[in-house]
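Novice: So the chains spell out like this:
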Amino acid sequence: MRITNSMIIDTFLNNLNKNSNIMNKYQAQLSSNRRITRLSDDPIGIMSSLEARSKLQRLEQFSNNNREARSWLDQTEFALSEVNEIIKIATENMIRAENGTLSAGDRNAVASLIEQLRDHVIQIGNTVIGGRYIFGGYNTSETPFKYIDGTLKYNGLDLLKITNDEIDIQKSQVKDILVGFNTSINAALSGVDLMGTGNDNLFNILDETVKALRSENYISGNYLERLDNKQNDILTLLADIGGRIKRLDIMEDTNSRYEVSYLDMKSSIEDIDQAKVITEFKMAEAVYRSTLAVGAKVIQPKLIDFLR
Amino acid sequence: MRSTFYGFEIAKMSLAISQKAIDITGHNIANADTKGYTRQRITLASKDPYMQSRFLDPERGIVGGGVSIQSLDQIRDIYIDKQYRKENNLMEMWNTRSEALSYIEQIFDETQDSGLSDSINTFFKSLHDLTNNPADKGTRISVIQNALKMTELFNHYSSQLKDKQTELDNATKISVMRINDISSNLVNLNEQIKSYELKGEKANDLRDKRNLLLDELSGIIDFTYEESKDGTVNVAINGKNLIEGSVRNILESNNNITWLDDGSNLIIKRGSLKAYLDMRDGDSENNVGIPYIINNLDLLAESIGNEINKVHSLGWTLPDFANGVPSITGVDFFNPQITAETFALSDAILENSNNIAASSENITSAELKGNNLVASMLTGIQNRTDIPKISSIDSFLKGIVTELAIETSHARFMFEGQETLTLSLSNQKSSVSGVSIDEEMTSLLRFQHIYAASARLITAIDEYLDVLINRTGIVGR
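Note that the protein sequences, when read in sequence, are chains A and B.
Going by the working numbering, 16 is the number at position 16 of the first sequence; the sequence numbering is gapless.
Going by the working numbering, 365 is the number at position 365 of the second sequence; the sequence numbering is gapless.
There's no promise every hint is true.
Said to hold, decoys possible - Below are the SDA-like pairs computed for lysine to any residue, each with C-alpha atoms no more than 25 Å apart in a straight line:
| # | chain 1 | residue 1 | chain 2 | residue 2 |
| --- | --- | --- | --- | --- |
| 1 | B | K20 | B | Q70 |
| 2 | A | K297 | B | I437 |
| 3 | B | K429 | A | T254 |
| 4 | B | K164 | B | T258 |
| 5 | A | K55 | B | E307 |
| 6 | A | K297 | B | D278 |
| 7 | B | K429 | A | N14 |
| 8 | B | K310 | B | N323 |
| 9 | B | K202 | B | Q83 |
| 10 | B | K164 | B | T34 |
| 11 | B | K125 | A | T254 |
| 12 | A | K302 | B | L444 |
Stated by the list, open to error - Chain B regions said to be covered by chain A (calculated; three or more residues, Cβ under 8 Å):
| # | segment |
| --- | --- |
| 13 | 99-112 |
| 14 | 396-410 |
| 15 | 462-472 |
Hints listed in this document are in silico derivations from the structure and should not be mistaken for laboratory results.
Being a predicted model, the structure only gives us computed values, none of them experimental.
Quick reminder that beta carbons are idealized off the backbone N, C-alpha and C, glycines included.
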């Protein structure tokens, strides 16, 4: 095939350009530390990469949510333990009182103690986290348990006279938090569960106990039995809350494992293997230099150089 | 009997012709790097002897009359030309398409942390925060901020795409103008070549110009062409004549490209103009262009906006008891007329963050502010796979991005293949028609020698004529 000067130069320039493009690509990868600098570099990889990114963002949200749920449930657990303690102390003191060997003065002392316990129970019911009341259901901004005109009101409802429908409404005001792809946990305990309702709500039991102890003629009643039942209720609640916290732990574990596998997926597509790219870059550089060297030799000499 | 001054004629012709050959060599060398130049070669032939009559001069050893020029040709392979133009046509088309798509894929940079999927995710994240703390002002404001970022990104992408579309439209108009320019030049050249070649000579340099124009035209549009006997070239585009001899048809570009004379649409199948048109107008899966991508973006914005609005309008806003503002329902989160370009928050939301409806019931007293059921439903939209037309937000966006990536990589791949093919044809053209300086140098030497020898010939003839004229028959003078 007949070869002309312009053909040699054109071929040389084309190859030089191709080599430059290759070097440029590696250089871009190295300096940005990303294997994919444009979507079209790896269309299939992009699909997986987007999937991984989206899942990772969800997992981050679940992690946040888990923390929020955790703080509420931990505090609830603590409150329940406190209530449990209160019942224990009241029970111990009532046992002494029921013995019938206490004087009026002693009974008054026990009454004062139990009065304190009774008021403390209200305080526990009004626990606050981050400016929100945790036992108020949807009522997070107003004090849930208020002692008004001698009656205890919970969210404006008289606990002694509360109806079943009202109880259901209060119990339905849950705080469902999404902590996994298909898992949500109720992070709240309603005040009606904590305190109880009707005549056997904890406040009423303690209040009646105080009144009985302070009366002229002390009549023994079934206060101990009622306190015992209440304690069982509290222990049941503690088990429930403990169970929820355990589920949170499990979800956190599961999500961590998901996170690791998605990070892997993302990294395998998006990140470069530094060593590999540097090696390839060096090779490309070597090819480039030899193109230049050979090209220089070929395009220069002409017949006219050799004619005298 | 031989004519006395016969030799002079032969030597004279030889001098002139070798000088002319050197001129042509010079022309070739001067144009060695000229784009589109085809090397020219002189074809010489020996002259027949001058004979008055075969009967009156029965001498033996009759000598020919020297050298004459038979023709001055350009060395060009018209078959390779045809092939080159066909492949160049495809190459320019894929090149144009690939460039346009590369620009668009830069707009959709989802591999960074600032793309569309990121802004949508962040918006839903802030809805989660709202679910955890529905009455908190800071959380509500953050929902609004993230929603704004999302809608603004949609607006931005949409307007960038529309700008590119306008640019493509301009490119189309400019291409049509160029076609008209080229056809006008071609017609001029046709006339010039025709009148020049009436003399029986080849208009080599004019033909080179014409071929260059045809090469350029082949990049823009697909055409067929034929050279007629009088040296003019007729060009037709998918059945309709662009040029016929000295007559040309002009193209007009409005929304469609039409022929001026009869208003019919231009039929175009390949070439850079086709690529511009496809990118500007392509609106379906089989014809991916800017309208298709904008439609998808619109659909995504519409789906997100409508689904959020549907749920949000079931919810109740936060009241402001101190200022006598009650909790209300039926509030839209986004403005209901939704396209990617006009995607925006509703006035109610922009006015007051209390208007975000997180609660499922009328908040008649402060005790109900913690109701977060509607906020929770809003977050659920991100996970739904039954959204009409798009099934799920995540998968639809992934589809848009992946489709774009595949189209772009396909266009680039086709372009690179065509480039190699076209380059190899271009090489073949060079091989046939290109000037080799080395070759020309040897020609130069050859004709130099012939010139020198011919000059010597004249000296020899001069010497013997001198003997004949001045020194014959002077005995005894």
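Novice: For every hint, state whether the structure bears it out.
Specialist: Here's how the hints hold up against the structure:
Taken as a hint, the K20/B and Q70/B pair is honoured in the structure, with Cα atoms around 13 Å apart against an allowance of 25 Å. For the hint pairing K297/A with I437/B, the CA-to-CA distance comes to about 17 Å; that is within 25 Å, so the pair holds. Taken as a hint, the K429/B and T254/A pair is broken in the structure, with Cα atoms around 67 Å apart against an allowance of 25 Å. The hinted pair formed by K164/B and T258/B meets the criterion: a straight-line CA distance of about 23 Å does not exceed 25 Å.
A C-alpha spacing of about 21 Å is found between K55/A and E307/B, which places the hinted pair at or below 25 Å, so the restraint holds. Distance check on the hinted pair: K297/A and D278/B sit about 46 Å apart at the alpha-carbon level, beyond 25 Å; violated. Restraint check for K429/B and N14/A: the C-alpha separation of about 16 Å stays at or below 25 Å, so the hint holds. Taken as a hint, the K310/B and N323/B pair is broken in the structure, with Cα atoms around 28 Å apart against an allowance of 25 Å.
The suggested pairing of K202/B with Q83/B holds, with an alpha-carbon distance near 24 Å, which does not exceed 25 Å. Proximity of K164/B to T34/B is assessed by CA-CA distance (about 36 Å); at most 25 Å being required, the pair is judged violated. For the hint pairing K125/B with T254/A, the CA-to-CA distance comes to about 20 Å; that is within 25 Å, so the pair holds. Between the alpha carbons of K302/A and L444/B the distance comes to roughly 14 Å, so the proposed pair stays at or under 25 Å and holds.
For the segment 99-112 of chain B, the stated coverage by chain A holds: 8 residues have a C-beta nearer than 8 Å to a C-beta of that chain, and at least 3 were required. Counting residues of the segment 396-410 of chain B whose C-beta sits closer than 8 Å to any C-beta of chain A gives 9, which meets the bar of three, so the coverage hint holds. Evaluation of the coverage hint for the segment 462-472 of chain B: breached, as 0 residues show C-beta separations to chain A shorter than 8 Å, against a requirement of three.
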